[in-house]
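Engineer: Going down the list, the protein sequences come from chains A and B. In terms of our numbering, the first sequence opens at residue 1 and continues consecutively. In terms of our numbering, the second sequence opens at residue 266 and continues consecutively.
Since the hints were made in silico from the structure, they are not lab data. One or more hints might be untrue.
Said to hold, decoys possible - Footprint (simulated), chain A over chain B, 3 or more residues, beta carbon under 8 angstroms: (1) 337 to 351; (2) 374 to 381; (3) 450 to 464; (4) 491 to 500; (5) 577 to 588.
What the hints assert, rightly or not - Here are the simulated DSSO-like pairs of lysine-lysine, each with C-alpha atoms no more than 27 angstroms apart in a straight line: (6) Lys117/A with Lys498/B; (7) Lys630/B with Lys570/B; (8) Lys225/A with Lys570/B.
To be verified - Covered stretches of chain B, going by a simulated chain A footprint (3 or more residues, C-beta under 8 angstroms): (9) 614 to 626; (10) 653 to 662.
C-beta: ideal position from N, C-alpha, C; glycine also.
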Amino acid sequence: MIMNFNTAAELAIMCWAIGSLLSLLASRTPALKLPAFLLSIAGTLVMAGFIAFYWLALDRPPLRTLGETRLWYAALIPLVGFLVEYRWKIGWLKYYCMALATFFLSINMLHPEVFDKTLMPALQSPWFVPHVVVYLVGYVLLAASSVTALHNVYLQLRKKGNITGESVSHFLALLGFVFLSFGLIFGALWAKEAWGHYWTWDPKETWAFLSWLAYLGYLHAFRYKINQSKLQWYLALAFIVLLVCWFGVNYLPSAQNSVHTYTQS
Amino acid sequence: MVVVRRRWFQAPWEFRESALFTAVSVIAGFVIQVAASGRGIAMPHLPFNAIALSLLGVVVLIAGLAFKNTPAVKWFGGIPLGLCLIFAIAVLSLIGGIIPQQPFAKESLPTMLGLNQIFSSWPFAVTVLLFLANLGISLSWKLIPFKMQNLQFILFHAGFWIALSCAIVGSSDLQRLVVPITVGKANNLGYTMESDTPQHLPLSIFLHDFSLEEYPPQLLLYDPHNDKLLMNKAQAILEVRKGTTATWQGIEVLVLDYLPSALPGPNGVPQSADPKTGIPFAKVRINTASTQREAWISTGSPLLKPDAAQLDGLYLIMMPGTPKSFRSAVTVQDEQGHETMANLEVNHPVSFMGWKLYQMGYDEKAGRWSKLSLIEVIHDPWLPAVYLGFFMIMAGNILFFWNGIKRREVVK
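Using the sequences and the hints given, assemble the complete structure.
Structural biologist: Laid out in structure tokens, this is it:
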């Protein structure tokens, strides 16, 4: 199993690396544009294929451990990069996204997880996949929003105007917020079925609520026409709350009794 | 252009005044909390909480609509105050997300300030109340006169208002009781999390049977000197089946035979037995550099000692698999004679006369031999209102998403 993962991960990283290289060269040789795109997307397809294969081998959705969620991020984040290029004609984001995906896969290669097919009864629910996948997509969009905002901050410091970049970070945050809201409510509806109540202020719930509030705050600040350039700092930093919610919660004193901590192996 | 700085409290009020107001409110909440000697809020029950909430709604709507152009109301329903209150709720939630929400020593600072039960503390209640007022006033402006373009705003904000207010106000009417039952017996007494005194339920539950299914047992190598389980080369949980192989440093194990349910027979060879009493046995062949041997190992049970194979100071053991599913076959009856039979399982609750029944737990020491089942029974009359709020938020979100991807122009 480990060997299969390493092969798939190395193949995906290679696709992204060569795809990025060709894409950079494409500014001089436009003929390279298509092969660059096809290679980059092939990297994601390799990961998607691996996830499907892993799902079958495990007999359960590979969404239970932190490492398994990193697999999904690695497959999904580059897609956001491609989407932004297609939609807003901004090319640089995809490099960040592929680098981030490579980073996630590297963590998994350095810390192989135990192959474990078991799934506790509480997770055996039709809500499991929609709840986690909606959250994954939300996180992926917000990660891209944060990276874009960081890039905008960098451009500001170098005194370069960048209105398109600011609207991209805004729309990614908006879409991410929508997914975050769905994830939160799906979680509440599932919790009612599994644990009897839709909201119990479990530490993970509290942090999910906090990250939701962080972006709710952003959207209202934006609406109030607070200087959009200043808000780039906010968007860049807001992602930290999400990181705490994703895995930081496990290390907080409040997490002792959480029902939500990812399996550590 | 001359920039004139606005002085404090000069109309229209903005962030400074809002921040000050929010800070004073939160501090006032903490003062009340200390004055009430750390006790949280006692929320009234139905119908009084429903009346109070309706009154709040009406007052907020009237204030928002009748005094629409008053500077004070304009400020009270505005984004600056809303943002400050969101920030205050976030800070209070942050406290709740870091400090464990469990009992502390009586005289300790967290107990006095209510930090260990922040979500039922006075500062949280005061902030949420102000937030509901702020949200409600802003909602009233978009609600009347109604315009189609405000639909997304209305669905999201009204949904949030309904879900938040009903969840908080309705928490006093939420009944959650755990009913412990042994197989072949009925029980109509339930326990809350807070007290050891049982409460009479309007229904009684008879437990016909409790059954638990486990994942296949696991093969593990135990090092007693360091009290550690050694990970095998494949980095996988090894499910015991006929033909399973495992490799550790210098040790190779092959499962020759596997009996999922057996009992020790004469001359040490286990024999298949009824699943109710039998335990898993496996015949393994162990190869080390110098030796090869075969042995029977087993998981053991409350009545049978487990069998392990010893090799060079290490033990090859078989652990029972983790629970895959567990269920209780029950008959539920209320005082009016309504009756229903059901199988309760995790994630598959059953509704009965306004109550919902959940498979909660069992005697974990006894594992699949447990004769005890813990059933949680829940009554939450406010649930439909909260769900209405949830679905409105989701509907608003779909519109938000749609507008978000539709808009192509650059943000100005």
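Engineer: Now tell me, hint by hint, if it's right for this structure.
Structural biologist: To see whether the hints hold, each was checked on the structure:
1. 337 to 351: Holds, because 5 residues of the stretch 337 to 351 of chain B bring their Cβ atoms closer than 8 angstroms to Cβ atoms of chain A.
2. 374 to 381: violated (count 0)
3. 450 to 464: violated (count 0)
4. 491 to 500: holds (count 3)
5. 577 to 588: holds (count 3)
6. Lys117/A with Lys498/B: holds, 17 angstroms
7. Lys630/B with Lys570/B: holds, 15 angstroms
8. Lys225/A with Lys570/B: Given that 27 angstroms is the threshold and the Cα spacing comes to 72 angstroms, the pair is violated.
9. 614 to 626: holds (count 4)
10. 653 to 662: holds (count 4)
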